[in-house]
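Here the protein sequences line up with chains L and Z, keeping their order.
Heads up: take any position in the first sequence, counting from 1, add 117, and you land on the numbering used here.
Heads up: take any position in the second sequence, counting from 1, add 844, and you land on the numbering used here.
It is worth saying that the hints were derived from the structure and are not from the lab.
Honestly, I wouldn't trust all of these hints.
[Stated by the list, open to error] Derived coverage of chain Z by chain L (criterion: at least 3 residues anywhere in the stretch with Cβ under 8 angstroms from a Cβ of chain L; other residues may be distant):
1. 948–958
2. 1214–1225
3. 1248–1254
[Unchecked claim] The calculated lysine-lysine pairs, modelled on DSSO-like cross-linking and capped at a C-alpha distance of 30 angstroms, are:
4. Z/K880 / L/K734
5. L/K734 / L/K999
6. Z/K880 / L/K600
7. L/K935 / L/K1044
[Said to hold, decoys possible] If you want a taste of the chain L side facing chain Z, the calculated C-beta under 8 angstroms gives, among others:
8. T537
9. D553
10. D563
11. S616
12. T688
13. S690
14. G725
15. L785
16. P849
17. S957
18. T975
19. F1011
20. N1031
Where is the CB? At the ideal position from N, CA and C, for every residue including glycine.
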Amino acid sequence: MKKILLFLLLAVINTGLIMAQTVQITGTVTSSEDNSPMPGVSVVVKGTTIGTITDAQGKYVLNAPANAQALLFSFVGYKTVDVPIEGRTKIDQVLELDVFKVDEIVVVGYGVQKKSEVTGAISSIKGESLASLATPSFDAQLAGRSSGVQITQQTGVLGEAPRLRIRGIGSISSGNYPLVVVDGVPILTGDLGGYASTNALADINPADIESMEILKDGSATAIYGSRASAGVILITTKRGVQGASKMKLAYNNYFGYAAPVNLFDLLNAEQFVLINNEKRSQRGQAAIAFSDGTAFPGRTFDTDWQRAVLRERAFQMDHNLSLTGATETSSYYFSLGYSDQDGVTRPNQMQRYTARANLDQKVKNWLTIGTSIGLTQTEYSGLNTGTNALSGNIFSAIRQHPNVPIYNPDHPTGYNIDLTNPDYVGRWNNVESIGDNLPNIVYVIDKNVYTSRVLRTLGNVYAQFKLLPFLNFKTQLGIDGSKTDGFLYWNPTHGDGKSVNGRVQNNFSNNLRWNIQNILTFNKTFFSDHNLMITLVNETQFQRSQSFNAVGTDLSNEFFSKNIISGTVGTMSVGGGMSESGFISYAGRLNYNYKGKYFLQGSLRYDGISALPPANKWGLFPGGSVGWTVTKEPFMSGIVNVVSDLKLRASYAQVGNVSIGTYPYLGLYGSAKYADYNGIAFSQMGNDQLRWETSKKFDIGFDALLFDGKYKFAFDYYNNDQDGLILAAPIPNSLGVPGNSISKNIGALRNWGYEFSGEAYIIRKKDFSWSIDANLTLARNEVVSLVNHQDITYENVIVREKESIYSIYGYVYLGVNKANGMPMYKKGDGSVIQGNMANSTYYYYMPDNPTAFTTSTTLSATADKVIFGPSLPTYFGGVNSKVNFKGFDFTVMFRYSGGNYVMNATRRDLVNLNFVNNGKEILGRWKSVDEPGDGWTPKLWYQGNTFVNLTGHATSRFIEKGDFIKLQTLTLGYTFPKQLLRRAGIDNLRIFAQGQDILMITKYTGIDPEMETTGTDLNGTPRQKVITFGINLTL
Amino acid sequence: MKKLNNIGMKGMKYISLPVILLAFLLASCQDLIDLKPYSQIDENAAFSTPSLIELSVVGMYQAAQRGDYGGNLRGYPWGAAFVQQGDCRGEDMVNTATFYQLTYTNTYDPTTANNVWWWSDSYRLINRCNIVLEGVQKAADQGIITQAKADQYKGEALLFRAITHFELLIHFARPWKHTADASHPGVPYRTTPYTTAASLEEGIAQGRNTVAECYQKVLADLDQAEQLLPTRAQRGTGKAGLVRSVKQAAAAFKTRVYLHKYDWAKVIEEGSKFLTGGVYAGSYQIEADPGTPFMDSYGNKESIFSLENSGTNNPGVNAALASQYKRRLLVCISPIIWRDPAWLSDDKRRLTTTEATLATNQLVYVSNGRMYTNKYKDVTNYTDASPLIRYAEVVLNMAEAYTRLDPTGTPDANALALLNQVRNRSLADPSTQAYTAGNFATNVELLGAILKERRIEFVGEGRRWPDIHRLQFCPYYPIDGIPQKVANGNPAASAFTLGTPYTGPYGVTAIPYSDFRFLWPIPRVETDANPTLAAQQNPGW
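Pulled out of the complex, with its shape left as it was, chain L reads as follows (with noise of 0.2 angstroms):
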């Protein structure tokens, strides 16, 4: 410490000794765009940190020592210039616009790189390509924007978090969302609690996003040691520009409506009461269905339930005021926003209020102080959307008789509700109550509650000290809180809450985490061309986790609805829970570089977390990377005018995962209460011997700029072995562990694949400029390696060594037997079996004797299935185009996506043979050996559903491809000329409309491949399309 003490008051003196002799230079900067004045433009004393900052007129004023050789002035987004001074004590300067940002700065783990300068993967998405995006959350709208990067938003319900996967799925039993870290601090993700679904992510103003970093390969994730497998997505926020006197006021807004992307082509009632009967007649039963009858003589309907669940107009809005500026010292940014949208199902509703304020102070020269605060309160308003449940919107919405009404104005309660069963919705002139004990589902939306509202705080304050010119020191404390309730309530009367004669439920959950960081960074540059930054890290982290909830059913009167009332119900319980987690690092970084064209990048952390036992807490994660600038090599300078840039690169990290469960190594007993005695089990089975889940991620690859940056080009191949894999290993059941499995340090997945993505300016001319952007991955998985080598099976999918994660896996369909109507299969040997609906038996099937049923067989859940493909798309990808001409821009992108199968298990319920409504597949059923049908869908048998379309599991009739591509955004804007604005005071003005996700073409037949969840599309709520208008303000 003495020895940098004694450095430090020589470096001063030193400098002191320079500042001696000085040459005062004034000037003024002006944009070669439009000539205008520009404040906050660096300028500085070449090979020196003197320097200063342009005023509100782009005046400065520069003490230069007098041996000054040459001023360098810089501004994002313009070209750095580098002048003689030749004396001169007058430099007026034009910095033109770097449209090719050769050297953009972008955001990395513990700072900021030169881009020139990285030598891993990262892609950075600017703010303002979304920021007017109409979206419950930033994250949906990253999707086709990056190559390796892959997100899908499943459903149209705000507040469920779309999926994300950068290069991959990197674990078996444990968490795979890459870790998120919003100004430095590391922020909570996922579901924040409470009864409708919430997005952590949504609690983030997208409008308040400056730019997002995604880092994608080792060197660039190891610096995030044990939490970057599944790679780190850095959000910047916007903070004022030191320097830039001029207050800034922008105020942007949209309008809009959104829609299901598209609906199911459902049967209307006459074709409802033809096919259910023919469901019976096939059966040898009697007539069920009728549009007309006795019961409610010439009162017919033809109702369309899907429409009465989804919302085909559903309005949003977002408002956004900010304020940003700055004086010589000191920086600030503040924002307001506010967001109301409803969701494409009913009542499904999300409202957002944030505030924002980002300060910078610069104290003293060598001083800076600063805050980062994000208030939030977001309120959701949900609903049922089980795929599987009886009140779920769509699994009911798609069964719900058209043949019936929803509502009778006869009823106590206005609805259709059968007279005989109050449990289901009401059956009208059909003979029998619905199938599948179904309520009036419209009944349920509209009576029943589902909220979640999410208070969020999202702050961090530091201090950073320039102890030298060289050596930076900053300390950050980082808080994450939130703190979400939730209330629920089903009506007694009718629905899920019948059966207990009404529910409410509140529940709170509050997540703390707290975060300090100190980061000491040195930057120098030797002999003037070795150039060095080291930065050491230390990082703690501590988090708990505490929930409580209580329950009333039994309800004294429907009249206590809003909230838990003290002695309204009959029977009530309370639950609750608290877990902690804590995390102590090391980390330390080495860049070097010689002369900007080789570079080598070294790093190695140090973590601690809690959740692996005493002997393995620690784990140590190296990464490197090098990178060579060839186009700096001599023998390249034949060729910089095509090649103007070209940068190999190569990088090998080892990384961990931290998403592995709070205790997952401990023996634990748990709560196990027997009617009303208090017990406890055996909950969890331990393992001393668990240890970090490893990822080994290598990377190489090049970017390249052609002709003067014109086009840009870049190419990664990837390869992460995961090894060590904490899997929840399968325990025979027979052995009745917990959960029927042991964490176990056993799996390992292999993920590989390349990058492409591509940028042209096709045409710059001041009125009229095109790009286009694009970018493609190929990407494969593949499982290494299981417990003893045993496939873990799901009922769609299987985890089988050799193949990739989740394939889909299922029996081949044959058709319908010609014949008879049955449904055939290809067992494993290759013989042809059909099965006979009269006894759910299968029997061979014999050509020359299509219809007997002679020889009885099986459809082996064992050996008769086979694997079809991946359910992971192995392309994916988008195509961006931007036009502007004169004041309009126009942009339009495309995504596109392929190569998976998907198990479209909505299909298979819209063909149920229960008596509810199906899809118009139906329709195409064998119904005689005249009448054969398409071949595809069998004979129609009353209840038949378990057997003849084999519920439970996959199967080729329903297994369709995944490939398609959308039209994601399409925007036309105009900008008003600034000269007509300038009388008005204002500085920009632009208004623009905006679709998303307004097309899609697939040979997909259910609503969206998408929506799927590990490979299964189950009922879910399509998706959501968006048309909004709005308007651009800045004063």
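Using the hints, position chain Z against chain L.
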């Protein structure tokens, strides 16, 4: 630019501040990663105090009452599922919707959830029993609890271990008589607690015990349980002695097991303990009204062992008996048994109600002209007890055993008396309708009446499948495989009109005993993870 000079000694103290902070953090934060759970108890502490031990014993009952069904707690195996599966595998109840359709239509396979969770939850309970057996003995050895207390707990664990293995045998193994010495495969009889990774190997190596071995172990466990358990009087004659096991329960279960083993003398021996002169004489009685055991499911004098369900802890809307059998109308009484002429039209067990009230002694609930059982009444809070065994069964088990001793002989007086004890209370006019010796030429004929009486008395109590299973080899009333059934779905109301026996149509065809589907397959999740049992799968699956 002069300002840079200020970074002199004055600034140093500010600089040193974070340095100190850094050092402080480096030194002090190991605590952050040495955390312990708050919501769960470490396994090493689970049997460390008398109160924690009591909690673990109760936890065993929880496993019996509410098994895990893919993350939900449903009534596997003893909270509700044994009734629903036992009924829906038979022909005397009709599954009307999808809920138990795979069971009802015999279309299950190794992945069918109902079979998978049956298997899984049964062994989950068995492991908890073995954990308790080991834990309480250790605690007694260490003086944490008395040996007497440990013995009582062990009795409870042994009883559950025995009856749960026995119930597995009924679904996954062929009946006792399948081979002459019952040497065919039973199920693995687990007696080791599996709590550590090291113990798993041994468990995986253990294959299926033979049926003979399983019966021997079931009976040995029941014998020992009977010795160790307190009597009903010691537990308390009310709910206390009903919802936790007692000596009498062990003896009652033995009559059931011996009946399946065709060991008639032992059925009589165990059953006689309840009769005058027996050790348990007077502890139970046949209630005067057939509805009483259900109207007062915790306070009646007939139920021997039932699991308790409370308003806040019950098998839930997707499993609770009152939910499935009554409120949701998912399973109705089959016209097959409803229209059986042996079930007299004025039998009190036919009394119907349309009320959803709890305090009714009617055993039949009518909706849409269809007949549902009203044995489980609380459609709001699902608090009806789950009836594992009641005295009426012990009586009929004994009656049957008496007839079997001398099949061709004249009707056995004991058998007749025992049968009438159960039947007469339900007759509108016992003086004219009661059976007399004159009604039957031989014991075989009397046996026929007893077997029919079981179907009537226990309708909706899950006893039909166990009877079908054991009667496969009955020399007098053999059942071949799984009987044909009324179609899955709501039968027409007219199908319940009395006067003629039901003669069809049958939507679910019979499956012969030789067919592999007579047995449930060992679940795929088991065979995937257990090579030993994968090699011992029931043939055909």
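Status of each hint after checking the structure:
| no. | hint | result |
| --- | --- | --- |
| 1 | 948–958 | holds (count 8) |
| 2 | 1214–1225 | holds (count 3) |
| 3 | 1248–1254 | violated (count 0) |
| 4 | Z/K880 / L/K734 | holds (14 angstroms) |
| 5 | L/K734 / L/K999 | violated (50 angstroms) |
| 6 | Z/K880 / L/K600 | holds (23 angstroms) |
| 7 | L/K935 / L/K1044 | holds (10 angstroms) |
| 8 | T537 | holds (6 angstroms) |
| 9 | D553 | holds (6 angstroms) |
| 10 | D563 | violated (21 angstroms) |
| 11 | S616 | holds (5 angstroms) |
| 12 | T688 | holds (4 angstroms) |
| 13 | S690 | holds (4 angstroms) |
| 14 | G725 | holds (5 angstroms) |
| 15 | L785 | holds (4 angstroms) |
| 16 | P849 | holds (4 angstroms) |
| 17 | S957 | holds (5 angstroms) |
| 18 | T975 | holds (7 angstroms) |
| 19 | F1011 | violated (39 angstroms) |
| 20 | N1031 | holds (7 angstroms) |
Hint compliance for this structure: hints 3, 5, 10, 19 are not met, and every other hint is.
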